[in-house]
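Undergrad: If you want the building blocks of each chain, they are given just below.
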Amino acid sequence: MCLAIPVKVISVEGTSARVIIEDVEYTASLLLLDDVKPGDFIMLHAGFAIEKVDPREAAETLQLLLDMEKNRTN
Amino acid sequence: MKYVDEYRKKELILSVAEKLNTISKKEIVLMEVCGGHTMAIHRFGLTSLLPSNIHLISGPGCPVCVSSQHFIDLSMAYSRIPGIIITTYGDLIRVPGSSTSLEKERAAGSDIRIVYSVLESLEIAKKNSEKNIIFLGIGFETTAPATAAAILQAKKDKINNFYVLSAHKIMPPVMKELVKEGVKIDGFIAPGHVSAITGTGIYNELASVYGLGVVVAGFEPADLMQAVLMLAVQIETGTQKVDVQYQRVVHKEGNTIAQQLLNEVFVHGDDRWRGLGIIPESGLKISDDFSSFDAEKHFFVEIPESREPKGCICGQILRGLKTPVDCSLFAGKCTPSDPVGACMVSGEGTCATYYKYRF
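Sequence order for the protein chains is A and B. Residue numbering for the first sequence follows my numbering, beginning at 1 and increasing consecutively. Residue numbering for the second sequence follows my numbering, beginning at 1 and increasing consecutively.
No lab work stands behind these hints, which were simulated from the structure alone. Worth double-checking, as some hints may not be accurate.
What the hints assert, rightly or not - Once the Cα atoms are required to be at most 30 Å apart in a straight line, the calculated DSS-like pairs of lysine-lysine come out as:
| # | chain 1 | residue 1 | chain 2 | residue 2 |
| --- | --- | --- | --- | --- |
| 1 | A | K70 | B | K26 |
| 2 | B | K127 | B | K252 |
| 3 | A | K70 | B | K9 |
| 4 | B | K297 | B | K333 |
| 5 | A | K8 | B | K19 |
| 6 | A | K37 | B | K155 |
| 7 | B | K104 | B | K176 |
| 8 | B | K156 | A | K37 |
| 9 | A | K37 | B | K2 |
| 10 | A | K70 | B | K25 |
| 11 | B | K26 | B | K9 |
| 12 | B | K2 | A | K8 |
| 13 | B | K131 | A | K70 |
| 14 | B | K285 | B | K176 |
| 15 | B | K156 | B | K19 |
| 16 | B | K252 | A | K37 |
| 17 | B | K127 | B | K297 |
| 18 | B | K158 | B | K2 |
| 19 | A | K70 | B | K158 |
| 20 | A | K70 | B | K241 |
| 21 | B | K155 | B | K176 |
| 22 | B | K156 | B | K127 |
| 23 | B | K252 | A | K8 |
| 24 | A | K8 | B | K10 |
| 25 | B | K156 | A | K70 |
| 26 | B | K25 | B | K2 |
Keep in mind that this is a model prediction, so the values were computed, not measured.
Model the full assembly from the supplied sequences, consistent with the hints where possible.
TA: Spelled out as structure tokens, the structure:
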């Protein structure tokens with residue numbers, strides 16, 4: 001129920017954003033999130049953008065995991 | 001899919017599992033509160049990667065599962081009023097009420113429509129001005145802001161045939177209630193998307209007063225394994241605190257716009273949870289300022305006393321006291337195609353998850 005998926009924003013108009021889910025376009029509501037720009041990834045839940053995905057934080061988490069994998073193979 | 005596939009890489013998951021196996025010594029029980037986490041843990045078979053001293057139990061974080069029988073019965077009674085259109089998220093329509101389900105009411109002629117977004121209800125209201133639309137509001141802090149936004153939008157657009165029956169609930173009171181009741185857990189894998197809205201402050205008391213570890217986790221297998229690792233490290237070293245694994249989405253302060261909308265439209269009130277009874281201040285009720293949108297203030301129906309299905313132990317499963325295999329109905333009388341209790345209906349219900357991935 002609290003499922004949300006990361007989707008890419010392709011355009012923004014007023015309080016709506018066109019996003020791509022796999023290959024399908026969908027209009028997401030931006031009533032709960034501001035400062036959204038084309039190219040951003042947002043978490044989409046029940047038709048609403050609830051938060052942006054922070055690419056820097058995503059890279060950091062992934063690096064932490066990759067470091068664990070690297071130490072394992074060494 | 002970006003931000004999904006990276007966190008499903010087998011080697012990453014196995015390396016976290018290996019690290020976990022080296023550092024974890026104590027017998028620990030962790031509760032994943034969110035139904036989405038339960039589903040992901042079993043879908044990806046993560047329990048088989050954990051050391052034998054780490055036990056995961058499922059909590060009360062599946063909105064369909066915790067919706068009270070009274071709410072389901074009331075929804076069905078509303079659906080029988082002539083001129084009413086019920087709109088709802090999909091899972092709810094199959095939940096058995098005391099005597100029937102919304103799905104059966106629909107087959108019998110009630111106008112019940114599944115929506116993906118609550119905003120679709122406003123479109124239905126505009127197109128059916130001679131009818132009244134009641135949206136069944138279920139879900140936690142992740143979902144409730146959408147309902148608040150829809151009510152504000154309806155007010156702005158002067159839509160006066162849109163109503164909400166709110167069974168929205170919040171997480172902190174039920175998490176605290178379980179701990180106070182004495183459910184034996186050492187830490188919580190905290191819900192990622194609830195926390196994206198609320199921020200992390202709502203868990204402080206669980207760590208500071210009850211000494212529990214709390215890690216807010218994402219929903220991919222590497223996320224969940226890393227969250228378990230973080231909790232294991234906290235517990236092994238006696239440094240229990242609130243921490244965030246799901247940094248790419250969850251910020252300490254949460255989504256302040258969504259919080260404002262929640263505060264504007266809802267007030268906290270006592271609420272009924274399936275199998276758990278009434279939990280103080282755990283429900284989101286529509287505030288007096290928006291009572292013109294509150295279905296319960298406009299439609300009055302008599303419903304017989306609600307009955308929980310006989311033999312169903314959903315309530316004990318939601319409290320983490322039992323697992324589905326302890327239930328005599330599981331996979332016999334109660335299956336996803338013919339569910340007895342709500343935990344078997346929802347795709348993220350613990351019983352449905354066990355049936356699908358472990359049975």
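Undergrad: Now, for every hint given, state plainly whether the structure supports it.
TA: Hints, one by one, checked against the model:
A hinted pair counts as satisfied when its Cα atoms are at most 30 Å apart, and K70 of chain A with K26 of chain B qualifies at roughly 26 Å. A hinted pair counts as satisfied when its Cα atoms are at most 30 Å apart, and K127 of chain B with K252 of chain B does not qualify at roughly 41 Å. Taking the CA atoms of K70 of chain A and K9 of chain B, the gap is about 14 Å. The hint holds against a cut of 30 Å. At most 30 Å may separate the alpha-carbon atoms for a hinted pair to count; K297 of chain B and K333 of chain B exceed this at roughly 38 Å.
Using a Cα cut-off of 30 Å, the hinted pair K8 of chain A and K19 of chain B is violated, with the two alpha carbons roughly 34 Å apart. Pair hint K37 of chain A plus K155 of chain B holds up; C-alpha atoms about 28 Å apart against a cutoff of 30 Å. Taking the CA atoms of K104 of chain B and K176 of chain B, the gap is about 37 Å. The hint is violated against a cut of 30 Å. Taking the CA atoms of K156 of chain B and K37 of chain A, the gap is near 25 Å; set against the 30 Å cutoff, the hint holds.
Simply put, K37 of chain A and K2 of chain B have alpha-carbon atoms about 17 Å apart, close enough for the 30 Å limit, and the pair holds. For a cut-off of 30 Å, the pair hint linking K70 of chain A to K25 of chain B stands: about 24 Å separates their Cα positions. Taken as a hint, the K26 of chain B and K9 of chain B pair is honoured in the structure, with Cα atoms around 28 Å apart against an allowance of 30 Å. Proximity of K2 of chain B to K8 of chain A is assessed by CA-CA distance (about 9 Å); at most 30 Å being required, the pair is judged to hold.
Of the supplied pair hints, the one linking K131 of chain B and K70 of chain A is violated, its CA atoms being roughly 62 Å apart against a limit of 30 Å. For the suggested pair K285 of chain B and K176 of chain B, the alpha carbons sit about 20 Å apart, so the restraint of at most 30 Å is met. A C-alpha spacing of about 54 Å is found between K156 of chain B and K19 of chain B, which places the hinted pair above 30 Å, so the restraint is violated. Our distance criterion of 30 Å between C-alpha atoms is met by K252 of chain B and K37 of chain A, whose separation comes to about 22 Å.
The suggested pairing of K127 of chain B with K297 of chain B holds, with an alpha-carbon distance near 23 Å, which does not exceed 30 Å. Distance check on the hinted pair: K158 of chain B and K2 of chain B sit about 40 Å apart at the alpha-carbon level, beyond 30 Å; violated. Simply put, K70 of chain A and K158 of chain B have alpha-carbon atoms about 59 Å apart, too far for the 30 Å limit, and the pair is violated. Proximity of K70 of chain A to K241 of chain B is assessed by CA-CA distance (about 28 Å); at most 30 Å being required, the pair is judged to hold.
The suggested pairing of K155 of chain B with K176 of chain B is violated, with an alpha-carbon distance near 35 Å, which exceeds 30 Å. With a CA separation close to 17 Å, the supplied pair K156 of chain B and K127 of chain B stays within the 30 Å bound. This hinted pair checks out: K252 of chain B and K8 of chain A have alpha carbons roughly 24 Å apart, not beyond 30 Å. Restraint check: the Cα-Cα separation between K8 of chain A and K10 of chain B comes to about 25 Å, which is no more than 30 Å; the hinted pair holds.
With a CA separation close to 55 Å, the supplied pair K156 of chain B and K70 of chain A exceeds the 30 Å bound. The suggested pairing of K25 of chain B with K2 of chain B is violated, with an alpha-carbon distance near 35 Å, which exceeds 30 Å.
Against the hints set out earlier in the document, violations occur for numbers 2, 4, 5, 7, 13, 15, 18, 19, 21, 25, 26.
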